[in-house]
Every structure is written in structure tokens, then in C-alpha cells.
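Visitor: This is what each chain is made of:
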Amino acid sequence: MFAIYLPVLLLIIVATLVAVGMFTGTSVAGPKNPTPEKMLPYESGSNTTGASHLRQSVKFYLTAILFVVFDIEAVFLYPWSSLFRDLGWFGFVEMLAFLVILGTTLLYAWKKGALEWET
Amino acid sequence: MEMSTLILAALAKILFIIAIVVGVFAPLLVWAERRQSAMIQDRVGPVRAHIPVPKSVVDFANSTLGLLRLGVVGCFGLAGITLLYFGIRAGGSAIGLWEFSTDYAEALILMFIGLGVLGFFSSLGYKAHSALVDSARHTKDGSGKITVLGLLHPVADALKMIFKEDFVPPKGDKLLHGLAPIVTVIPAIVAFAVIPFGDIMHLDHLGAVTLAGHAFDWETFELARTMSGSEFAAFADANIASAATLGAEAIPLQIASLDVGVLFLFAVASTGVIGAAIGGYASDNKYSLMGGIRAASQMVSYEVALGLTIVPCFMLYDSLRLEEMVAWQMEHVWGIFVPMLTFGSILYSFAAIAETKRVPFDLPEGESELVGGYLTEYSGLKFGMFFTGEFVEVAALAMIFVALFLGGWDAPFLYSYGLNLPFDWTLTIPMTSWEIGDTILLSHWVVVLLQVGIFLVKTVLLIWAQLMIRWSLPRFRYDQIMALCWKGLLPLALVNILITGVILLIMG
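Chains A and B, in that order, are what the protein sequence lines are. Okay, so the first sequence: first residue is 492 according to our numbering, each after it adds one. Okay, so the second sequence: first residue is 2 according to our numbering, each after it adds one.
FYI, nobody ran anything at the bench for these hints, they're computed from the structure. Please read all numbers here as calculations on a predicted model, not as lab measurements. Glycine is no exception: its CB is placed at the ideal position from the N, C-alpha and C atoms. A couple of the hints might just be wrong.
Result set (SDA-like, lysine to any residue): computed pairs, CA atoms no more than 20 Å apart in a straight line [said to hold, decoys possible]: (1) A:K603 - A:H544; (2) B:K128 - B:I147; (3) B:K56 - B:G126; (4) B:K488 - A:A600; (5) B:K488 - A:A605; (6) B:K128 - B:S64; (7) B:K172 - A:R546; (8) A:K529 - B:I147; (9) B:K175 - A:V511; (10) B:K165 - A:G521; (11) B:K161 - B:A33; (12) A:K523 - B:K175.
Example chain A residues on the side facing chain B (calculated, C-beta under 10 Å, incomplete) [unchecked claim]: (13) G521; (14) E528; (15) S535; (16) N538; (17) G541; (18) A542; (19) T554; (20) V559; (21) L568; (22) W571; (23) S572; (24) F575; (25) M586; (26) E609.
Partial chain A-side listing against chain B, Cβ under 7 Å, derived [said to hold, decoys possible]: (27) V499; (28) I504; (29) A506; (30) P532; (31) G536; (32) T540; (33) S543; (34) L545; (35) R546; (36) A565; (37) F583.
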């Protein structure tokens with residue numbers, strides 16, 4: 492187990508070194524010359540008004556919830572699909588029931604307007 | 002194998018992958034993009050980055066121009082004369098005017114090939130020299146420059162980024178702002194852990210010919226050099242007892258061979274969304290926040306679609322390991338030629354482009370509405386790190402496409418023992434004793450190099466195709482992107498899974 496995952500650990504270490512190296516490289520090598528104008532949030536030249544954290548559309552939140560539902564579905568499908576031939580028709584029908592329920596979920600969300608962005 | 006060998010092999014593979022992706026793919030992508038955008042906008046392209054050349058060298062190049070021109074004309078001229086002479090001698094011997102010995106004919110052919118190669122390289126040299134002399138024509142002091150087709154531009158870009166001022170928004174969340182580019186780059190690179198870029202390499206049999214789990218030495222196979230396919234198969238069967246068995250020092254060309262395979266890959270790659278989201282959140286800028294939220298929403302949506310589009314592959318290949326999927330395709334047929342997977346591959350390409358947030362799905366950084374999206378408040382190499390992550394992700398998804406649908410390192414007629422061309426034939430080149438058979442044997446290391454090369458070439462072609470899309474299509478509207486995912490790709494992927502299941506079960 493350890494021997495199999497050891498290369499992954501090594502890769503994570505190397506990737507972290509690359510990322511941290513790039514990060515410190517640019518922090519150290521770049522010039523530091525802050526001016527008050529430069530420190531303002533960039534809004535194409537006009538002065539910023541109000542708080543920068545605006546209220547966002549609730550649609551993003553709905554998408555996140557839908558993501559949780561369907562990503563878990565994908566996680567269920569992966570082991571089933573790799574054992575698909577062994578499970579045969581029985582496994583297929585079981586998964587069909589699961590997919591029909593989720594398809595109904597998608598249709599319900601669709602009908603309720605959770606997938607509409609125009610309004 | 003011992004632990005130290007294991008670690009060394011793993012490190013070598015990691016460095017190879019990072020060198021290929023960061024050192025070859027990313028610069029190639031940057032270069033090709035600049036080149037192509039320049040062509041679209043009728044500009045000369047990325048040629049400003051150059052190596053300055055002093056006047057003395059330019060003068061020297063100018064003085065050698067005549068010599069090189071003479072070399073080019075001379076080489077090609079002599080090659081032509083050689084060919085003409087060969088033709089006359091061969092023709093004469095055919096109608097019985099004079100004798101034309103085999104040795105003489107072989108020497109003439111070798112001379113022709115040698116002169117041709119020499120002429121080719123001297124014309125390249127002539128081209129380079131004249132380009133240098135031309136570049137010096139417009140400078141007052143007579144100095145020139147070498148632009149190397151603009152290939153220096155990606156290097157110049159990276160260097161420029163390192164020495165740019167590093168901006169951190171004073172009112173933003175400094176910790177998250179710094180963390181965002183790091184957590185974008187790390188998962189993008191770690192995703193390469195399970196992608197196989199070549200077949201199993203047998204370290205102790207690199208010089209031998211491998212076939213059906215056995216290694217034959219070259220002395221045995223010297224006899225089989227010009228055999229046709231059927232003769233060769235019989236010969237290999239007869240000699241299999243004297244061959245060594247493979248497997249003592251087998252190194253799979255894949256960083257880690259995990260049983261969860263693709264699942265690991267998507268688990269890691271999906272954390273890439275965190276970087277964009279917290280980058281936008283921490284920047285203290287309305288555009289950044291908007292871009293970050295768009296990026297998060299788009300990436301999680303397409304991640305679901307991306308994960309579901311490739312489920313039919315697992316059902317067909319009966320595995321989650323990418324190397325086993327490639328093995329299945331080598332044995333049967335490339336995935337893209339199986340009808341259900343052809344459809345799946347089209348869905349996958351849509352989802353993959355959207356997942357990497359590139360045109361026409363680059364809403365999170367759409368400059369016409371959001372300045373730079375979540376990248377607005379980033380500068381220097383931190384800005385570059387987001388793009389490194391993006392390029393690496395593009396390369397990773399292209400590699401997965403190659404492994405899932407395009408047969409990985411498989412190529413027509415290429416087998417573990419070399420090339421086996423179709424039909425049984427042996428060709429003798431006229432007037433010589435040289436023979437070419439339909440079976441061309443290659444050492445194990447040559448085959449391994451060829452396979453890795455084929456895998457990388459397929460990946461580069463896919464990336465290039467993606468670049469063409471990037472420079473050809475306008476940007477979608479955000480509601481169109483979301484509708485494409487939730488109302489288009491997702492239901493279609495689910496239906497594709499069901500249809501694949503029914504077909505596979507009926508066909509047994």
C-alpha cells in the first residue's frame with residue numbers, strides 16, 4: 492500500500508516545491524514600489540464605490556447544491572461501471588432505478604426553474 | 002524491487018513529466034497561441050524576443066553567405082549528377098551495354114543520400130545566415146538579431162513575469178490571495194500521477210527484442226531481420242524456449258499505478274476550482290469576485306459532466322486504471338471507433354474545454370465584461386501561476402483523452418518487437434543487396450521511445466486542435482454555458498451510459 496502511494500507523495504512534494512518556488516521567486520525578484528493609486532482596486536480607471544463583496548445571484552448557490560447531488564451520483568457510478576460486467580442485468584436494473592430517481596430530480600429542478608439564468 | 006530503486010524511478014518519471022509539461026507543452030502552447038493570434042490579426046507574430054548579435058558576427062555571416070550558397074548548389078547539383086549517372090549505368094546494364102556491379106551501385110546510392118542530407122543542412126544554414134544578415138540591414142551600427150521563429154518568446158514571457166512588481170491588494174485577504182495560485186498549480190501537476198505515458202519498460206532488457214513476455218537477444222534475431230510476418234511468427238515460436246522471461250526489473254511508465262485510477266485523477270483535479278474561487282474572493286475587487294464565483298460555478302458544473310461522459314469507457318474497458326484501458330485498446334480497437342465512445346468523446350471534449358475555462362467558455366476571465374476576472378488583482382509570476390495551472394490542466398485532459406479514446410501509445414503496425422507492416426513481402430532495392438521485409442525489428446528501448454513519442458505527439462495534436470477552437474469561436478453567454486452543461490451534456494451523458502449498458506449486456 493505504502494509502496495504504491497509513495498510516488499504520489501513524492502509528486503505532491505515536487506509539485507509543492509514547484510509552486511512555492513514560483514511564488515517566492517516572484518515575491519523576491521520583483522520590485523516594490525507601491526503608490527496610493529496603484530493600491531486601489533482596479534476598475535478600469537473609475538473610483539470604486541461601496542463594498543467590494545457584492546451580493547451575488549442566488550443561482551450560483553443553486554448550482555452548488557445541484558453539483559453536490561450529481562457529483563455524488565458520479566461517485567456512485569464509478570465503482571458500478573468498473574464492475575459492470577460482473578454485476579450483469581441485476582446491477583444494471585439496480586443502477587437504472589437510481590438513475591431514474593436522479594433523472595427525476597434533474598427534471599424537477601429544470602421545471603422549477605433552477606437551471607434558468609435569464610430571469 | 003528495492004525501495005531506493007522505486008524512489009529513484011518515481012523521481013525520474015516525475016521530473017520527466019514536469020519537464021515535458023512545463024518545459025515543452027506550456028511554451029509550445031504559448032508560442033502557438035501568439036503565432037496564431039498574430040496570423041489572424043495580420044501581424045508578424047512573436048519575434049521581438051531575440052538574441053542580439055554584434056556587428057563582427059554579422060559581417061562574418063555575410064562573408065560566408067557566398068560559400069554556403071555554393072555549398073547548397075554544389076551538394077544538390079552533385080546529388081543530381083550522381084542520380085543521373087546511376088540511371089545511365091543501370092539503364093546500360095539493363096540492355097546489356099556494360100557491367101554494373103552491386104558494390105558500385107550501393108556506393109552511388111549512399112553518395113546520393115549523403116549529398117542530399119548535406120545539401121539540406123547547408124540550405125538550412127544558408128537560410129539562417131541570410132535571415133541574420135537581413136535583420137542587420139535596418140540597424141545603424143550593423144548589429145543583428147536571432148529570433149529563432151519566436152521560440153524565445155515564451156522564455157522571455159516567463160522571465161518578464163518573474164521580474165514584475167508583485168502586487169498584493171492592501172484591503173484584501175493577504176493569506177488567501179497568496180494561497181490561491183499555489184493551490185491552483187499543485188493539483189494540476191499532481192493529476193499526472195495516474196496518467197500512463199508509455200508501456201512497461203524492462204530496464205534489464207533494453208537492448209533486446211521483446212515479444213510475448215520474453216526477451217530475445219539480437220544474435221537470435223539477426224536471422225529474422227528480413228523475414229516476412231508469417232515466417233517471423235513461426236521463427237519466434239520456435240525460439241521462445243531459449244529466451245529470457247521478462248519482469249525482473251519492469252518499470253511502468255506511469256508515476257503511480259493506482260487501482261482507483263481515474264477516480265484519483267478527478268478527485269485531485271476537481272480541487273483546482275478552489276484556487277480560482279478563493280483568488281477571486283480575496284482580491285478585494287468586484288470584478289475578481291464576480292470572476293471567481295463564475296469560475297467556481299462553471300467548473301463544478303462541468304466537473305459533473307466531465308466525470309459522467311467517461312463512465313461508458315469504464316463499462317467497456319472494465320477497469321478504472323488508465324494503463325489497462327490502453328491495453329484493451331491495443332488488443333481490440335481504439336475507443337473512439339466504438340460508436341458509444343465516439344459520442345462520449347465528443348461530450349468529453351466539450352466538457353474538457355469548459356473545465357479548463359478556455360475560449361469559448363472563458364467567462365470567468367472574459368476581458369470585455371470582467372477586466373481580467375479573478376486574475377484582475379494578480380501580477381507577476383502569481384498571474385503566471387494561474388496560467389501554468391491552466392496549461393498543465395489542458396495538457397492533462399488531452400492526455401486523458403489520448404489514453405481513453407485514442408489508444409494511448411498504440412500506433413498502427415507498431416508492436417513490442419518493432420514494426421510489422423501489412424501483407425507478407427520482402428523488397429530488394431534494385432541493383433543492390435539491400436532487403437527490407439514487412440517485419441522491421443527494433444530494440445526494446447527504441448520501441449519504448451517510439452511509444453512515448455507517439456503518446457506525446459497525439460497529445461500535442463489534441464492541444465493544437467483545442468487552440469484552433471480557441472481562436473475560432475466567440476465567447477458564450479453565461480446562461481448558455483450553464484444550459485449547455487445542465488440541460489445538454491448531463492442528460493446526454495446519462496442517456497449514453499444507459500444505452501452503453503444495454504448494448505454491452507445484450508452483446509454479452
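Visitor: So which of the earlier hints does this model not fit?
Guide: Checked against the structure, the hints that fail are numbers 1, 8, 14, 16, 28, 31, 32, 35, while the rest are satisfied.
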